[in-house]
Amino acid sequence: MAKKMVKPSFRREMVVTAVGDSNLSIRRACALFLISENCYRYKRKLSSDNELIADCLLRLTSTYRTWGFGLSFLYLRNVKGFKWNHKRVYRIYRELELNLRIKPKKRLKRETPDALAVPDKINTSWSMDFMHDQLEDGRSVRLFKIHISLAMASCCRV
Numbered sequence: 333m334a335k336k337m338v339k340p341s342f343r344r345e346m347v348v349t350a351v352g353d354s355n356l357s358i359r360r361a362c363a364l365f366l367i368s369e370n371c372y373r374y375k376r377k378l379s380s381d382n383e384l385i386a387d388c389l390l391r392l393t394s395t396y397r398t399w400g401f402g403l404s405f406l407y408l409r410n411v412k413g414f415k416w417n418h419k420r421v422y423r424i425y426r427e428l429e430l431n432l433r434i435k436p437k438k439r440l441k442r443e444t445p446d447a448l449a450v451p452d453k454i455n456t457s458w459s460m461d462f463m464h465d466q467l468e469d470g471r472s473v474r475l476f477k478i479h480i481s482l483a484m485a486s487c488c489r490v
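Just so you know, we're using my numbering here: the sequence shown kicks off at 333 and counts up by one.
It cannot be assumed that every hint is accurate.
Derived DSS-like pairs (lysine-lysine); straight-line CA-CA distance at most 27 Å [unchecked claim]: (1) Lys339 x Lys377; (2) Lys435 x Lys419; (3) Lys377 x Lys412; (4) Lys375 x Lys435; (5) Lys375 x Lys339; (6) Lys453 x Lys477; (7) Lys377 x Lys435; (8) Lys419 x Lys377; (9) Lys412 x Lys375; (10) Lys419 x Lys339.
Read the hints as simulated data drawn from the structure, not as lab findings.
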């Protein structure tokens, strides 16, 4: 299902500019921009409740940053006692672009590592390593290497 490219309110504005700028009739301009004449003549009723809803949502989302729409709406409905429709509140929530908040990553605070210990005697610190390589003809060579610190020798086993 394809997403709508332009909202009806924007198409209505395009019809208004087309009728005002050129000699198009309202009927032809509405047909051109694919909206009905009823949509062209529609006047939206802006309620003062919308401003109150927006104010409440902004205050809630700034104080409780982890709350999404669901918790915010339930708080307004059950705790504050407002009887607003959830679709209306969600429309205003989206218009305020509160649904696009990006949750920051939680960074792990790493402690500074201890300084590496320098061995003072022979045979106090050993290191081991597995190594793998491939020869030119495709055969593989695997090595198990043991390195003794403060000693000149290291043992290898193939």
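Now the hints, each set against the structure:
1. Between Lys339 and Lys377, the direct Cα distance comes to roughly 17 Å. Compliance with the 27 Å bound is thereby established for this hinted pair.
2. Taking the CA atoms of Lys435 and Lys419, the gap is about 24 Å. The hint holds against a cut of 27 Å.
3. Between Lys377 and Lys412 the CA atoms are separated by roughly 25 Å; this keeps the pair inside 27 Å, and the hint holds.
4. The hinted pair formed by Lys375 and Lys435 fails the criterion: a straight-line CA distance of about 38 Å is larger than 27 Å.
5. Restraint check for Lys375 and Lys339: the C-alpha separation of about 15 Å stays at or below 27 Å, so the hint holds.
6. Taken as a hint, the Lys453 and Lys477 pair is honoured in the structure, with Cα atoms around 21 Å apart against an allowance of 27 Å.
7. With a C-alpha separation of about 35 Å, the suggested pairing of Lys377 with Lys435 is violated against the 27 Å cut-off.
8. Of the pairs offered as hints, the one joining Lys419 and Lys377 holds, with about 16 Å between alpha carbons and a cut-off of 27 Å not exceeded.
9. For the given pair, Lys412 sits about 31 Å from Lys375 by alpha-carbon distance, which is inconsistent with the 27 Å threshold.
10. A threshold of 27 Å between alpha carbons decides the hint, and for Lys419 with Lys339 the separation of about 17 Å falls inside it, so the pair holds.
In this structure, the earlier hints numbered 4, 7, 9 are contradicted, and the remaining ones agree with it.
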